[in-house]
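Number of protein chains: 2
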Amino acid sequence: MDIDNYFEKNREHILSEWFKLLKLPSLGADPLRLSDCARTAAWLKKYLKAMGFEVEIRIPHQGLPVPVLFAERVSSECDTTVLFYGHYDVQPADPAEKWESPPFEPCLRDGRVYARGAQDNKGQSFAFIQGLRALIEEGESIPTIRLIIEGQEESGSAGLLEMVPHLGDQIRSDVLLVSDTCCAGNGQPAIIAALRGIQNMTVTLKGPDYDLHSGVHGGVAPNPAQGLARLLATLHNQDGSIAVAEFCDGMIEPTEEERSLANRDQLSADAYQAETGCPPLGGERALPPVERAGFYPTIEVNGIFSGHTGTGPKTIIPSEATAKLSMRLVPGQQIERTLTALKKHLVSNCPPGLEISFSEIVKGAPGFRLAVNTPIFQIAERVLRDMDSRGAVFRWEGASIPIIATLRQYSGAAPLLVGFGREEDRIHCPNESFGIDQFKQVMQWSYSILSALAF
Amino acid sequence: MDIDNYFEKNREHILSEWFKLLKLPSLGADPLRLSDCARTAAWLKKYLKAMGFEVEIRIPHQGLPVPVLFAERVSSECDTTVLFYGHYDVQPADPAEKWESPPFEPCLRDGRVYARGAQDNKGQSFAFIQGLRALIEEGESIPTIRLIIEGQEESGSAGLLEMVPHLGDQIRSDVLLVSDTCCAGNGQPAIIAALRGIQNMTVTLKGPDYDLHSGVHGGVAPNPAQGLARLLATLHNQDGSIAVAEFCDGMIEPTEEERSLANRDQLSADAYQAETGCPPLGGERALPPVERAGFYPTIEVNGIFSGHTGTGPKTIIPSEATAKLSMRLVPGQQIERTLTALKKHLVSNCPPGLEISFSEIVKGAPGFRLAVNTPIFQIAERVLRDMDSRGAVFRWEGASIPIIATLRQYSGAAPLLVGFGREEDRIHCPNESFGIDQFKQVMQWSYSILSALAF
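In order, the protein sequences belong to chains A and B.
Residue numbering for the first sequence is 0 to 454, as defined by numbering that gives the first Met the number 0.
Residue numbering for the second sequence is 0 to 454, as defined by numbering that gives the first Met the number 0.
By construction, these hints were calculated from the structure, which means they are not laboratory data.
We treat Cβ as the ideally placed atom computed from N, Cα and C, and that holds for glycine.
Treat the hints with care, as some may be off.
Here chain B is said to cover these stretches of chain A; the calculated rule only asks that three of the stretch's residues, wherever they fall, bring their Cβ under 8 Å from a Cβ of chain B [said to hold, decoys possible]:
| no. | stretch |
| --- | --- |
| 1 | 101-109 |
| 2 | 365-379 |
Taking lysine to aspartate or glutamate pairs in the DMTMM-like style, the calculated list, with each CA pair at most 25 Å apart, reads [unchecked claim]:
| no. | chain 1 | residue 1 | chain 2 | residue 2 |
| --- | --- | --- | --- | --- |
| 3 | A | LYS44 | A | ASP109 |
| 4 | B | LYS97 | A | GLU354 |
| 5 | B | LYS205 | A | ASP269 |
Computed footprint of chain B on chain A; a stretch qualifies when at least three of its residues, placed anywhere within it, have a C-beta under 8 Å from a C-beta of chain B [claimed, not checked]:
| no. | stretch |
| --- | --- |
| 6 | 214-225 |
| 7 | 426-436 |
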């Protein structure tokens, strides 16, 4: 089938339904948006039922009660069972003033759809569903398809992580398909050979009970903003490597083959600077950037706030200071051990006179790395070579999809992560977007890989 | 005259006029509040004219055009000229949610008036004016009184600092009276023997052009929030002393007599903890707290912000990070030299890959220290012993009133700073307040010292 033709014939349906999905502000981490998440799950249920799926919505017992969608379409012709995982929750849209059009009012400009979630992951997941829809309409034989679409991926998947071990045969599958990743820098299709794990923690230092006058008390009261700076400065060594004892314990170094394959997808420092506006000088600077992102852990400060943040001076010693941290983990690191090591480090390096406390702890999920010469990857490479004559590259991804390691374990499925995101999509940032051409690539991939797995 | 009686007879007038003054949100550092500052100056002009003052309002050419009030009431009987300095601008009122009653709706509760500016400095200045009013009504002989009431004290007095050197004979005076300070910890009246200077600076580190995904870019892109933490951590040594080269150059150490007098007003660590909620472990911990505040400089972080500051995780590498700094200076330090030293330190310690920039630079004003055995201090001690049988103590104040050093230089006047603030007034903090008993103390002081200077 020609996906371009199919898209054009169905353009009005696809765009209008996709826009409906994007209009729902499904911020899965925000307790005030629970009803929007429920509406999003209900919308997806209705859409999938119309495609012949049995659909069930379940509410997790861990974390926020953000609905998870389980759908199944049993095949009478094929033995293969494919599990597709996606998420309907999105990142926060702040800072609101940096959006050129409102984040939850999708807008098509120059062949790209702008909205929070346009790509990550409503866009890619909905495109995958459209590829499947084309295949169903054609009447070809199709594997049994199981879908899990959740609403807490962006905040650690606590609910689904708790559910999966109890699902037993309901999720047993042969292949685990996910379209939540990117192409290589040059646009070549990419098969994901690794994801980093993720966990989160918020740390707060308390000084005085209330903001103090910085003249009267300056040099006397301990300053939590300065204390937090001193504390965060201890997390890394001068060379950019992690300085937290026991945090990296057990970490598995990449093989020479992995290093060498990963380094084929090298981005030059100049190209990186042109794309992002900064040189690739974060992390352990002695290593090539692509290895730092793919094979090594991080501790990042995602946000920090204390005291006066408005215009002009305000001469206070703030009462407290807070930093939001997230950690990316690699195979061999244990999620309990890293959290414990980090807390221990922060407590023992807390400057005198300040009280430390932790909140918003997300234990999270481990990272994983896959062998590259497996049968499923060979099928994928063939399909992708049909789509792009350059064929596919392997990517050791720095990002995380928290649930994948656990889904792999309990479903028994071989993970196959192929997505068509690009840096210009600016996911997690203001003005997130997804190109119509990328949307069609995901449709093509979905259509072709499901056909190839129909045995 | 019995000030208590006078206050009770005039209670309605005093409170209603004071409340009118407090209702004006005269945030002198906020460009959006210029008209409120103008209204405040106009209100004061009208009030002082009714008391027999010639009043002129001038707009400064430096910094924001926040009006400065010059008033004069010439004496036919006395040779002495007294210059009184006060300020009508107030600190920002954030965080708004921590106020029990709105900051610009004054509220009398349990003998205290709650409002931003209730004490600092609208309250103390208005009380001083009421003491003068009592003296005028009594028909006693009064020195020539010159008033300067400005609107940028809380943000460095840039406008007035530029004006003063050009004022010549208009400000020549014998004594410079100011009521913008506090009593000793035990409530005993205090004569201020020193003030620290102040300057401000905002520093921003820029990393990527937009917030980056912390998975894809974590360990690759330089993180400005982490970079800022590393940078701020270099400002102080492990013992709490300042680590910026050349910042303390020329600093004059206190004499043994000054140290010994200052240490009489020692606050115990337990009492400090009970009052503020934190132990006195800021600054150079080897020195007694009272010496740290009175005789040594500081570099404080008044505010810091970067990236995600809302609820839940947002896994980004922020595009930039900002810290608001203020410095307190002591005699011997030069305001240009400290600024240059600090900038040089920050530039040379900026972590790799980040761009540093400076804004909101307020060059500020130097600190000063006065000899304690002068005739004017002897008069003040006598007056204060009449008010409190314990007599007065000297205080080497950690706070700043930026203009005093310059006013002293160009007016030729001997500074006499006596105020009746207390720690519980929580100036610069939410729920600032001023006790009616304190208000009456300032009135009594104003009445008595002006009587004593009428020769």
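### Query
Which of the numbered hints above does this structure break?
Numbers 1, 2, 3 - these are the hints that the structure violates, sorted from lowest upward.
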